[in-house]
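We have chain A; now place chain B onto it with these hints.
Residues per chain are reported as follows:
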Amino acid sequence: MEMIDKSKKTFSVKSFFLRWEVLLLLIFIVYNIIIIFTTPYYLDINNIFDMTFIFTEKGLVALIMAFIIITGNVDLSVASIMGLSSVAMAASYQAGVNIWAAFLIGLLIGTSAGFLNGMIITRLSLPAIIITLATYSFYRGIAYVILGNEAVSGFTKKFSYIGQGYIGNSPVPFPLIIFLIIAVISIIILHRTTFGRMVYAIGLNEKAAFASGIPIKKIKLLLFTLSGFMSGFAGMIITSRIGNTRPNIATGFELEIITIVILGGVMITGGVGNMWGVFISIVLISTIRYGLGFHNVPGQIMLVVTGGLLISSILINNFLKTFVSNRVLKR
Amino acid sequence: MAKKDNNFKKTDTGNSSSLMLKFAGFREMGIFVFLIILVIVISIRSPVFLTFENIYDIGLDTAILAIIAVGEMMVIITRGIDISVGTGLGLSGMVVALILAENWWIPPWLAILMGIAVGAILGSFNGLLIVKGKIPPIIATLGTMSVFRGITFIINFQVAGGQWVSAHNLSDSFKAFARSTFLKIPNLILIAIIIYIIFYYFLNHTVTGRQIYAVGSSPESAKVIGINIDKITFLPYLFTGMLFGMGGVLWVSRYTAAQTDSGTGFEFTVITAVVVGGVAIAGGSGSIFGILLGSIIIGVINNAVHLIRVSPFWKLAIYGFIILLAVIVDKAISRRINKALLERRKI
Numbered sequence: 001m002e003m004i005d006k007s008k009k010t011f012s013v014k015s016f017f018l019r020w021e022v023l024l025l026l027i028f029i030v031y032n033i034i035i036i037f038t039t040p041y042y043l044d045i046n047n048i049f050d051m052t053f054i055f056t057e058k059g060l061v062a063l064i065m066a067f068i069i070i071t072g073n074v075d076l077s078v079a080s081i082m083g084l085s086s087v088a089m090a091a092s093y094q095a096g097v098n099i100w101a102a103f104l105i106g107l108l109i110g111t112s113a114g115f116l117n118g119m120i121i122t123r124l125s126l127p128a129i130i131i132t133l134a135t136y137s138f139y140r141g142i143a144y145v146i147l148g149n150e151a152v153s154g155f156t157k158k159f160s161y162i163g164q165g166y167i168g169n170s171p172v173p174f175p176l177i178i179f180l181i182i183a184v185i186s187i188i189i190l191h192r193t194t195f196g197r198m199v200y201a202i203g204l205n206e207k208a209a210f211a212s213g214i215p216i217k218k219i220k221l222l223l224f225t226l227s228g229f230m231s232g233f234a235g236m237i238i239t240s241r242i243g244n245t246r247p248n249i250a251t252g253f254e255l256e257i258i259t260i261v262i263l264g265g266v267m268i269t270g271g272v273g274n275m276w277g278v279f280i281s282i283v284l285i286s287t288i289r290y291g292l293g294f295h296n297v298p299g300q301i302m303l304v305v306t307g308g309l310l311i312s313s314i315l316i317n318n319f320l321k322t323f324v325s326n327r328v329l330k331r
Numbered sequence: 332m333a334k335k336d337n338n339f340k341k342t343d344t345g346n347s348s349s350l351m352l353k354f355a356g357f358r359e360m361g362i363f364v365f366l367i368i369l370v371i372v373i374s375i376r377s378p379v380f381l382t383f384e385n386i387y388d389i390g391l392d393t394a395i396l397a398i399i400a401v402g403e404m405m406v407i408i409t410r411g412i413d414i415s416v417g418t419g420l421g422l423s424g425m426v427v428a429l430i431l432a433e434n435w436w437i438p439p440w441l442a443i444l445m446g447i448a449v450g451a452i453l454g455s456f457n458g459l460l461i462v463k464g465k466i467p468p469i470i471a472t473l474g475t476m477s478v479f480r481g482i483t484f485i486i487n488f489q490v491a492g493g494q495w496v497s498a499h500n501l502s503d504s505f506k507a508f509a510r511s512t513f514l515k516i517p518n519l520i521l522i523a524i525i526i527y528i529i530f531y532y533f534l535n536h537t538v539t540g541r542q543i544y545a546v547g548s549s550p551e552s553a554k555v556i557g558i559n560i561d562k563i564t565f566l567p568y569l570f571t572g573m574l575f576g577m578g579g580v581l582w583v584s585r586y587t588a589a590q591t592d593s594g595t596g597f598e599f600t601v602i603t604a605v606v607v608g609g610v611a612i613a614g615g616s617g618s619i620f621g622i623l624l625g626s627i628i629i630g631v632i633n634n635a636v637h638l639i640r641v642s643p644f645w646k647l648a649i650y651g652f653i654i655l656l657a658v659i660v661d662k663a664i665s666r667r668i669n670k671a672l673l674e675r676r677k678i
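Chains as they are written, first to last, in my numbering: chain A, 1 to 331; chain B, 332 to 678.
Treat the hints with caution; some may be incorrect.
[Claimed, not checked] Pulled a few chain A residues facing chain B out of the computed Cβ check, cut under 10 Å:
no.	residue
1	Pro-127
2	Gly-213
3	Gly-299
4	Val-304
5	Leu-310
6	Asn-318
7	Phe-319
8	Leu-320
9	Val-324
[Said to hold, decoys possible] Straight-line C-alpha distance at most 35 Å; calculated DSBU-like pairs for lysine-lysine:
no.	chain 1	residue 1	chain 2	residue 2
10	A	Lys-218	B	Lys-562
11	A	Lys-321	B	Lys-465
12	B	Lys-554	A	Lys-207
13	B	Lys-646	A	Lys-217
14	A	Lys-207	B	Lys-465
15	B	Lys-646	A	Lys-218
16	B	Lys-670	A	Lys-217
17	A	Lys-321	B	Lys-463
18	A	Lys-207	A	Lys-321
19	A	Lys-218	B	Lys-662
Keep in mind that the hints were calculated from the coordinates and are not lab data.
All C-beta atoms in this analysis are idealised placements derived from N, C-alpha and C, irrespective of residue type, glycine included.
If we strip away everything but chain B, and leave its shape as in the complex, we get:
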């Protein structure tokens, strides 16, 4: 009897896990199909959409979003949220741009490293508040969101007397960096690809990466099996900081300006991309492919709004509508899956 029971359990978990795997695959498939439909509809309306130049533009515009979405996803997987990414991006971009304006000899790669360093400081500040200060993530980053924006303003005022850093303050090599290519791929896109490969490996094939999922899906069990919860909760904020620091510098290079309001509202775009990419806000699940697709969908919509000559004022409404759609469809799917799982258990 006991043996039978055991067997039964084995097959049961086997079935459910394979089903869940199918579901996970289906989930990204669903997002992908949505993207394809979107692309078909848009390209019927506007033949320019599928030209090489336009796809190139979409890539350039999506790269920074996609880079920061990786960090945000890790934070959300651990059941947190980081709403300071927009102002963090603005602050690190401003700091580096002010340094660059005085030092034209600094090569772009060093500027990016500086951005990562600044972002790492900001990100660990968030992480420390949350881990050591025991402040709920949404509150801590709500606070630092204001603080970062304020500091951006103060630094800009102290160093440059309130003058924004614009194109003529920056060296040509730095301005050209975002657009120039390596093996015919623009640097910006190349960096995004490298980041995705690194974090794909990190999240799926390293112990620390798997622990991030473990902590997110069940903090109690993670603690019981000896995972250092504090460390695993801290890391995603640090990484997010490094990524928005890098994003800030790339932003300055891409738009050849650093303003005190750069990145305003960007946190909502990032969270939208992550949610559309199928990351559960309750934590524990989410994949690199998902958020890549999510970011591309946002980029395509942004681009299409201009191409189809829909008034740009529709953009926000469409964003909102798409998140609603994504969340509701996701809920419907997971309900059906749960139902199917329950039915299997009955037999």
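So here's chain A without its partners, still in its complex pose:
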């Protein structure tokens, strides 16, 4: 794409529109214009802010997942870690531990789950997809072993602030602020630091990255640990928001999170992607859910919409790319 930019200036407008984030932004704008004119109360400021509650947990994990997928790996165990840390927190709270100590236990469990993933993957050089597939069952299984069929609720008021509180008297939710801060940090780290460049290098060519002295294993271990930590934190947020927890909390989130990242233009094969794209994708998917919710569209149809969007956006992009490269070849 960059090559096209440099060689022919006349193509730059087209290649601008071919950039994934721009394409997503266009879909986002078109969708929103349609839905604004067809849906009353859509633009209500309180509603819009409340809508953000549904994506902050997934969004937080998606930000780290973007790093992992850019290195050419994937973490399928994130939702199970969310469940495990939530259950660990609830079980220790039930056993009489102070709520904030329980909160820390939840974070610690999440972080160590991620660390264990990273250790197995890097020490034994095994594919991340298989190891996290195994821990996907394993962590969720432990959550079931701890709580069985029980549900734990009745957390203190202060704890519920994490997931459902607002900043002062404004309609701005507390988790949204956390999400925005971490999103900005992720964008800076990925696009403005050496670490970010290393992440791309690993994804593009792991052997070359290794040969040029990039500490591949350390970076992978760090990313998987971070992913565990963030899943643990997201687990705390969702527990606090819902106000109770069960072992099956957050089931299936991993696929939604991966969908968000891929829709954001991150290539599953690694090395290609942009944090802005992921950010737009998070907002796009949640406005779609939010907008269709007004029209009483059931969740299962959202599945078709999300899945269809994922497939069709990649198809359109592939088609446009071959179209443009054919044009270039003809010249």
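The following block gives chain B in isolation, referenced to the frame of chain A:
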């Protein structure tokens, strides 16, 4: 000198290939030994385990898993993955069940053919997205996984108003099909055996079957020797579709119900069985015997969890632990083999 060199190479490849053969044999042997140990341990804990009725139950519960594992294995051999098998099974089961609910005259074998047809459509959709649309398999099937589930819901809602198909909507002959026997073998198990024989022959004794392995172990070389990569990549998805379509109908017959959430999470069970069966996720290797053993191990664990009165909540944790164990042991073995190969080359 040149001749000597040639000879040397010949013996070298001869040795390594025989070693690899031993390794391949050993690999399935390892899984088999694991299964035997598992069976011994369980039968000490629970004498009921080795009774005829219980083995029969394990067979019935494992058959559908084993059938779909064949397709998943072929997909993984070509370096792909299909995570839409669970929802694909649900969708094809639902479509056929809704038709059956209105048409009681349809015999079970026709229902199964209908399931295969529906599955073939779904599977070729996956295959086309991957081959023609150039979408990576994990992404394409991640998308269709959601889409299939959504369509199951929509169809169910449009046709039956959101009512699930349950036992009283189905004809007796269809409900009895999974349990009834032919030559004292339950139909479900018989179908699984036939599928295994067909695909054993296909993968080991036909050109197309061998080409699937060729494409998986080295797509570039496969292309160079003139294999139609697109066709060979497409076929496993089509077969997987046909198999989960068949599995969907058998599922409805076995559990006498079609629900909009049938088969949820089944893709993970299937992939677990395939990985435990020694199929390399990087592609190029895997055998019918391996996944048969892998499926049986999963079936035995499922069954044993209930028999030994371990809380069923342990099931998932045990699954996860066993995949980890299988993958780590496999890695250790292949490391040792590679080392042995290198040492041979030195002499």
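A quick look at each hint next to the structure:
1. Pro-127: Interface hint status for Pro-127 (chain A): holds (6 Å vs cutoff 10 Å).
2. Gly-213: With a closest approach of 25 Å, the Gly-213 (chain A) hint is violated.
3. Gly-299: 9 Å, holds
4. Val-304: 3 Å, holds
5. Leu-310: 4 Å, holds
6. Asn-318: For Asn-318 (chain A), the interface hint holds, since the closest Cβ of chain B sits about 5 Å away, which is under 10 Å.
7. Phe-319: 9 Å, holds
8. Leu-320: Violated - the Cβ of Leu-320 (chain A) stays beyond 10 Å from chain B, reaching only about 12 Å at its closest.
9. Val-324: 15 Å, violated
10. A:Lys-218 <-> B:Lys-562: 41 Å, violated
11. A:Lys-321 <-> B:Lys-465: 12 Å, holds
12. B:Lys-554 <-> A:Lys-207: Given that 35 Å is the threshold and the Cα spacing comes to 25 Å, the pair holds.
13. B:Lys-646 <-> A:Lys-217: 32 Å, holds
14. A:Lys-207 <-> B:Lys-465: Between Lys-207 (chain A) and Lys-465 (chain B) the Cα gap is close to 25 Å, so the pair holds against 35 Å.
15. B:Lys-646 <-> A:Lys-218: Holds: Lys-646 (chain B) and Lys-218 (chain A) sit about 33 Å apart, inside 35 Å.
16. B:Lys-670 <-> A:Lys-217: 22 Å, holds
17. A:Lys-321 <-> B:Lys-463: 14 Å, holds
18. A:Lys-207 <-> A:Lys-321: 28 Å, holds
19. A:Lys-218 <-> B:Lys-662: Satisfied, since the Cα-Cα distance of roughly 21 Å is no more than 35 Å.
Going down the numbered hints, you'll see the structure goes against 2, 8, 9 and 10, while the others check out.
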